[in-house]
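Trainee: Sequence:
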Amino acid sequence: MLICHCNIITEKEIEQTIVGLLDEDPWQLIVPAKVYHAMRKRGRCCGCFPNVVETIIRVTEHYHARSEASGADIVSHLDRVRGLRGQYGSRTHERRTAGHRAA
Numbered sequence: 012m013l014i015c016h017c018n019i020i021t022e023k024e025i026e027q028t029i030v031g032l033l034d035e036d037p038w039q040l041i042v043p044a045k046v047y048h049a050m051r052k053r054g055r056c057c058g059c060f061p062n063v064v065e066t067i068i069r070v071t072e073h074y075h076a077r078s079e080a081s082g083a084d085i086v087s088h089l090d091r092v093r094g095l096r097g098q099y100g101s102r103t104h105e106r107r108t109a110g111h112r113a114a
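Quick note on this note's numbering: the sequence shown kicks off at 12 and runs consecutively.
To be clear, the hints were calculated from the coordinates, so they are not data collected in a lab.
Model, not experiment: these values are computed from the prediction.
Possibly wrong hints are sitting among the right ones.
Stated by the list, open to error - What follows is a set of in silico ranges between Cβ atoms, one per label pair, in the way DEER data are often shown:
no. : residue 1 : residue 2 : range
1   : Arg-77    : Cys-56    : 28 to 36 Å
2   : Cys-56    : Glu-79    : 35 to 43 Å
3   : Ala-76    : Ala-44    : 20 to 28 Å
4   : Thr-21    : Lys-45    : 29 to 37 Å
5   : Lys-45    : Met-12    : 17 to 25 Å
6   : Ala-76    : Arg-55    : 31 to 39 Å
7   : Arg-53    : Val-30    : 17 to 25 Å
No residue lacks a Cβ here, since even glycine has one placed at the ideal position from N, Cα and C.
Assemble the whole structure, with the sequences as input and the hints as a guide.
Mentor: Here is the structure:
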């Protein structure tokens with residue numbers, strides 16, 4: 012599936028990059044900019060970043076589930092991110108209130 016239309020990046024390419032980053036350091040913080048930097052690409056419109064975040068969470072959870080870490084060490088990141096999205100995403104957009112007008 013095509014994730015980034017600007018750079019023509021597929022979901023498979025992003026997953027492989029994330030696994031490569033996790034192989035280097037399994038507990039590092041991976042963000043879309045880090046994934047794009049590892050792929051030698053740049054976010055252009057950045058409309059794909061929410062999908063990239065979902066892919067990062069999914070791949071990271073599967074990676075740690077397959078590793079030798081105990082269940083207590085694995086945190087459900089997806090639930091925490093979705094909770095934050097619901098908390099912040101509905102009221103504001105880029106720290107602006109819904110009534111904000113640029114012009």
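Trainee: The structure should be examined with respect to each hint, and the outcome stated for every one.
Mentor: How the hints compare with the structure:
1. Arg-77 to Cys-56: 28 to 36 Å: 33 Å, holds
2. Cys-56 to Glu-79: 35 to 43 Å: Holds, at about 40 Å.
3. Ala-76 to Ala-44: 20 to 28 Å: 25 Å, holds
4. Thr-21 to Lys-45: 29 to 37 Å: Because 18 Å falls outside the window, the suggested range is violated.
5. Lys-45 to Met-12: 17 to 25 Å: With Cβ atoms ~21 Å apart, the hint holds.
6. Ala-76 to Arg-55: 31 to 39 Å: 33 Å, holds
7. Arg-53 to Val-30: 17 to 25 Å: 21 Å, holds
When the structure is compared with the earlier hints, a violation turns up for hint 4 alone.
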